[in-house]
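Student: With the first letter of the sequence shown counted as 1, position 50 gets the number 118 in the numbering used here; the numbers rise by one all the way through.
Just to be clear, a hint being listed does not mean it is correct.
Below, a list of computed lysine-lysine pairs in the BS3-like style, where the Cα atoms sit at most 25 Å apart [what the hints assert, rightly or not]:
#, residue 1, residue 2
1, K381, K337
2, K241, K144
3, K263, K349
4, K233, K144
5, K389, K337
6, K245, K144
7, K393, K344
8, K337, K393
9, K210, K400
10, K349, K81
11, K357, K344
12, K349, K400
13, K381, K81
14, K245, K357
15, K381, K344
16, K233, K263
17, K230, K241
18, K176, K210
19, K230, K144
20, K176, K199
21, K144, K97
22, K389, K97
23, K210, K199
I should point out that these hints are in silico values taken from the structure, not numbers from a laboratory. A quick note: this is a predicted structure, and the numbers were derived from the prediction, not measured.
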Amino acid sequence: MSSLEIDLRNRDKYENVIRAIDEYGLSIKESIFENLPSELMVTYQRIREIYVQEVTRDRGRVDVDSLIQLYMNVPKTEELLRYLLLATVLFTGFQNLRNELIYRVMMKNYEAISRVITNPSYSLISDISIKLLSDYENERAKRESIQDINEAMHSFIYGLRKLTKSYGTTLIKWLPKFRNIEAFERALPIFYPPKVNERRRRAIRTFIRWVSHETNLPIALGILTRGNYRHYTLIADVYSTMVTIRSGAFLALNNDHALRIINKILPNKDSGLTIKVDEVKGLVRAVGKLSGDPIIYERGAFRIGHEYCSRLKCSECPLNKVCMKLTWVNIK
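With the hints as constraints, model all of the structure from the sequences given.
Tutor: Here it is as structure tokens:
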């Protein structure tokens, strides 16, 4: 049960929860950047150093063209971007998706993956798919389909070949041209399997999150420098939804939808309550927007949900002092 009283007249209480989630999001890295192959880790760190140096020197202003040129001078910049893109494309190839397992399997097979990244050839698909599938299933994952992984790899190669041959450009030159999230999201499907579903939308938004924020890999400079990343739409998965609802962060909205949900939650303290993600997805996304930086909010909420809230580790949770602890609510 909650150790704090619900007081809908005191909106500051719930805004404090949002700020705490943001603060935690700022204090951690995206998992992908903690699981890069050593060669690409050096590239990632160098790009971030260049960005910080240039922004500091120009007092917050960014000369996009000169910054892109500096990025291009860093060895393996294009390879890093292709590696990140492939990681999200592979999200569509594994039905029993475990993100961090994918990162580990990719890192283990970097030598093979680097070949398809530098030379996108359809002839490489079969061997790489078999390697990825074998290592993925060896980590006690459920049975997967080699066909789904092949399709994901095929779409990735098709998109890269279209980008370089039909458009005559590369990711490092192409990504900074986008000025808004919506246009970026409409353009990215060329790299993903054609089946339109929630899994593909999540994969695309994950890639956008990784390259459109200064705390990640600041490559989509047109979006970043205009602050358009604030229009990012949260994925609103089980973990970020769990934290947003159980912590009471959604009550900062103080709208009819939030009131209906809290009135549904409170009478079920003793029996427990299950809420479907789709029922509150709009609330979660609205809270992310209210935070002022939905990318940071999502990163914090997801990690707290994954590491603490789903395991009921309230005493260790960074939200412990401000959370409403609506722990009888399950998210499905």
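Student: Each hint: holds or not?
Tutor: Each hint, compared with the structure:
no. : hint          : verdict
1   : K381 <-> K337 : 19 Å, holds
2   : K241 <-> K144 : 14 Å, holds
3   : K263 <-> K349 : 22 Å, holds
4   : K233 <-> K144 : 20 Å, holds
5   : K389 <-> K337 : 20 Å, holds
6   : K245 <-> K144 : 20 Å, holds
7   : K393 <-> K344 : 18 Å, holds
8   : K337 <-> K393 : 11 Å, holds
9   : K210 <-> K400 : 20 Å, holds
10  : K349 <-> K81  : 22 Å, holds
11  : K357 <-> K344 : 21 Å, holds
12  : K349 <-> K400 : 12 Å, holds
13  : K381 <-> K81  : 22 Å, holds
14  : K245 <-> K357 : 24 Å, holds
15  : K381 <-> K344 : 22 Å, holds
16  : K233 <-> K263 : 24 Å, holds
17  : K230 <-> K241 : 14 Å, holds
18  : K176 <-> K210 : 19 Å, holds
19  : K230 <-> K144 : 20 Å, holds
20  : K176 <-> K199 : 10 Å, holds
21  : K144 <-> K97  : 21 Å, holds
22  : K389 <-> K97  : 23 Å, holds
23  : K210 <-> K199 : 16 Å, holds
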